[in-house]
Amino acid sequence: MQKSLYINADKCTGCLQCEMACSYENYGVFNPAKSRIKIFDFDHTGRKVPYTCTQCDEAWCLHACPVEAIKVDAATGAKVVLDDVCVGCKVCTIACPFGTINYVQDTGKVQKCDLCGGDPACAAACPTGAITYVDADWTGLERMKQWAAKVDNQPRA
Amino acid sequence: MAWAGKILRVDLGKGTCTSEPLNMKWARDYIGQRGLATKYFTEEVDPKVDPLSPQNKIIWATGPLTGTMASTGGRYSVITKGALTGAVACSNSGGYWGAELKMAGWDMIVFEGKSPKPVYLYIENDNAKLLDADWLWGKSVWDTEPAIKAKHQDPQIRVSCIGRAAEAGCLYAAVINDLHRAAGRSGVGTVMGSKNLKAIAVRGTKGVGNIRDPKGFMKATTEAKKVLADNAVTGQGLPKFGTQVLMNVINEIGALPTRNHRDVQFEGAKDISAEAMHQPRKTDGKPTLVTNQACFGCTIACGRISKIDETHYTVQNRPEYWGASGGLEYEAAWALGAANGVKDLEALTYANFVCNEDGFDPISFGATVGAVMELYEMGVLKKEQLGIEALFGSAKALTYFAELTAKGEGFGKEIGLGSKRLTAKYGHPDLSMSVKGQEFPAYDSRGIQGMGLAYATSNRGACHLRGYTVASEVLGIPVKTDPLVTEGKAGLVKAFQDATAVFDSAGVCLFTSFAWTLANVQPQLATACTDEFTLEELNLIGERIWNMERDFNNRAGFSSEDDTLPKRLLTEPAKTGPAKGLTNGLDKMLPEYYQLRGWDEKGHLKPETRARLGL
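In order, the protein sequence lines correspond to chains V and X.
Positions 9 to 165 (my numbering) are the ones given, in order, by the first sequence.
Positions 174 to 788 (my numbering) are the ones given, in order, by the second sequence.
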């Protein structure tokens, strides 16, 4: 069974533990500037919203890559950048409709979320449950349950 | 390691930016942030210096845990000689700015001299330069931050800056970052403004990587986060209610200073409490509170984000105030509310927004308005000079004064001087509820006796963040003591003061100490920095920092005579509540405190104390 990152922005406090966990996992440093998940701060409304790659099935980045540097991890379904193949042409960054694959100046390659091989560090670090890693077929489960709770099926007197 | 290992020195007179290696011996002896920056400051600055002269310096400093995955590891402090107090000042802030400075590769920035014209410092990793700020001068905090981001075409820049209050010379002006996080007290923003320094804009992409024992550090920080999550205060109370959880509690125990400390209980406390912030309004059916929010790295998330009722008189037809922003925290809700007898929650939220928008301390501001209202009721101050009737309880007077003080207009210019100077000017210095020129926060020391000693001996003037014995005397953390007695409080105050100095120097938030003791901080510091940071060593460092600050104040001219409380708290008994009939018993605690500290009767460090602490 594949899993997906499920993001519930209502629970996000903007602590950036996920960004630090991501950069630590991939680069060994605490550095939000190198994180593959990003928290957006809508200060006028007080909302903090995590955003990252959703691992499209027909991934634009993968199809656009001229050197086939993006492969599917069969176990997790993640679209993974092969660093030794990537030439840093950035065509994938143009192709991605969501902006979730980006160039890294220090390495000359692109980076994107690879689900940490099936144990995403961001989800493990999130203190509020705003980022969880759940059954890929049931990312709507929590929201369904919230609506289900509103259904009134008791017989009326 | 965990320190970046270098500091940025900015000579504002010459316009130069120079990189220096961090003094690692001092880092071992003073950790970082408050301790380490104060060490630099006291070594470099003449204690007698006029706070607003070019000879005063001002330092922005991070701790070794700032910018790491340690919970709440995003703090920074601003260290200088305080404009309000003339004492050593160290104001601590959260938000994201501190971590950004560390990510850019700097432990601290030391500013010296004065710029001939308005400037702001722009830092992009190793590169730092002073840029013209003529175009920013006169702008509020809320206009400055977006303007800098737009100019550099970089929304990820973090900004620490002053608003119009500091420019206008308000003596308790704050440094604000991320729009509503504040290094709020003692007038650190005023000093920044006196140097023609408008802002520090930082973009850091290098990260924090030189952890001594990364695996040990991840284990230690994970365990410490669990302690916070499992604790009732840090795991439930603070995220849900924020520091405002205290309003009803402190009122019930008769320690909520009301109407310039005339009373110790406020009949409107429930209207301005955490519970009131959750209550849907009659007008639009929505509560004032929008959400809670965290600072960088914080797994507590006590921050309050509120939205003012669009139909409230303060913001009618003013959509610029209809957005969600920071507040109310407990201290601000008290100072703007109970201290003035005002119970209009929307008005308090608006006044707090104005404090953030233009950068001034709501505690000193609110408490000064309390003194103004008392002088008004006594007939000393008149409606004609104030521009408004200023009876206790008047929300309109409060918000009017906030608007004036923000820009240094009208009577706001005088309110911006703080209660000590204002009450002295009008012949009633006893009505200033302050120590060393700084106004009290939200705990009456007749109802919480230990706080009287904590206030009287606080190195930055009256303050709750130097020795928060409320934790023990009211909340029972780490052990419950009786708030109405003086016995044992000298030792309690000293223990809190020394431990707090370590929290403030590590890069973490003091609020963790509702759940953590130094025994929880120690493994994080040791795995990040050096195994020389044992628990015993941290205790000694805390005591060393406290005495270093004290020694600077002594050399600046403060003595035992300044370790006192306003006459009202020493002679006018509490009228109601559990503390009814009590004054503060400072004289019963102070001699024992000096003895425990190893100070002589004038409050100076004895030679053997200096030797023991390596000062």
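Careful: at least some of the hints might be erroneous.
To be verified - Taking lysine to any residue pairs in the SDA-like style, the calculated list, with each CA pair at most 25 Å apart, reads:
| id | chain 1 | residue 1 | chain 2 | residue 2 |
| --- | --- | --- | --- | --- |
| 1 | X | K740 | X | I650 |
| 2 | V | K46 | X | R376 |
| 3 | X | K179 | V | Q113 |
| 4 | V | K19 | X | K775 |
| 5 | X | K455 | V | T101 |
| 6 | X | K399 | V | Y14 |
| 7 | X | K221 | X | A497 |
| 8 | V | K11 | V | D114 |
| 9 | X | K761 | X | L648 |
| 10 | V | K19 | V | A82 |
| 11 | V | K98 | V | E33 |
| 12 | X | K459 | V | D114 |
| 13 | X | K322 | V | M9 |
| 14 | X | K302 | V | K46 |
| 15 | V | K98 | X | K379 |
| 16 | V | K117 | X | G278 |
| 17 | X | K399 | V | T108 |
| 18 | X | K322 | V | Q113 |
| 19 | X | K388 | V | Q154 |
| 20 | X | K379 | V | Q154 |
| 21 | X | K775 | X | G754 |
What the hints assert, rightly or not - Some chain X residues near chain V, calculated using beta-carbon distances under 8 Å:
| id | residue |
| --- | --- |
| 22 | G240 |
| 23 | T456 |
| 24 | A474 |
What the hints assert, rightly or not - Here are the computed distance ranges between Cβ atoms for each label pair:
| id | chain 1 | residue 1 | chain 2 | residue 2 | range |
| --- | --- | --- | --- | --- | --- |
| 25 | X | K290 | V | C64 | 47 to 57 Å |
| 26 | V | D92 | X | K302 | 47 to 57 Å |
| 27 | V | A144 | X | G566 | 56 to 66 Å |
Derived by calculation from the structure, the hints in this document are not laboratory data.
Backbone N, C-alpha and C define an ideal beta-carbon position, used for all residues, glycine too.
Problem set entry | Holds or violated: X:K399 to V:Y14, with C-alpha atoms at most 25 Å apart | Roughly 23 Å separates the two Cα atoms, so the pair holds.
Problem set entry | Hint consistency between X:K221 and X:A497 [alpha-carbon to alpha-carbon, up to 25 Å] | violated (43 Å)
Exercise. V:K117 and X:G278: Cα distance at most 25 Å?
Worked result: Holds - the C-alpha atoms of X:G278 and V:K117 are around 23 Å apart, at most 25 Å.
For this session: Verify the proposed pairing of V:K46 with X:R376, using a straight-line Cα cut of 25 Å.
Result: Holds, because 16 Å separates the two Cα atoms, which is no more than 25 Å.
Problem set entry | Hint validity - X:A474 Cβ closer than 8 Å to any chain V Cβ | holds (4 Å)
For this session: For the pair we were handed, V:K98 and V:E33, check the Cα-Cα distance against 25 Å.
Result: Distance ~23 Å between V:K98 and V:E33 Cα, so the pair holds.
Problem set entry | Satisfaction of the X:T456 interface hint, Cβ to chain V closer than 8 Å | Status violated, d = 19 Å.
For this session: Take the C-alpha atoms of V:K11 and V:D114, compute the straight-line distance between them, and say whether it is at most 25 Å.
Result: Not OK: V:K11 and V:D114 at ~31 Å, beyond 25 Å, violated.
Exercise. Does the nearest C-beta of chain V fall within a distance shorter than 8 Å of the C-beta of X:G240?
Worked result: Check passed: Cβ of X:G240 comes within 6 Å of chain V, closer than 8 Å.
For this session: Take a quick look at whether V:K98 and X:K379 sit within 25 Å of each other, Cα to Cα.
Result: holds (22 Å)
Problem set entry | Proposed proximity, V:Q113 with X:K179 (alpha carbon, max 25 Å) | Given that 25 Å is the threshold and the Cα spacing comes to 24 Å, the pair holds.
Problem set entry | Given hint V:T108 paired with X:K399 - CA-CA distance at most 25 Å | The hint is violated at about 31 Å.
Checked against the numbered hints above, the structure violates hints 1, 4, 5, 7, 8, 10, 12, 13, 14, 17, 19, 20, 21, 23 and 26; every other hint is satisfied.
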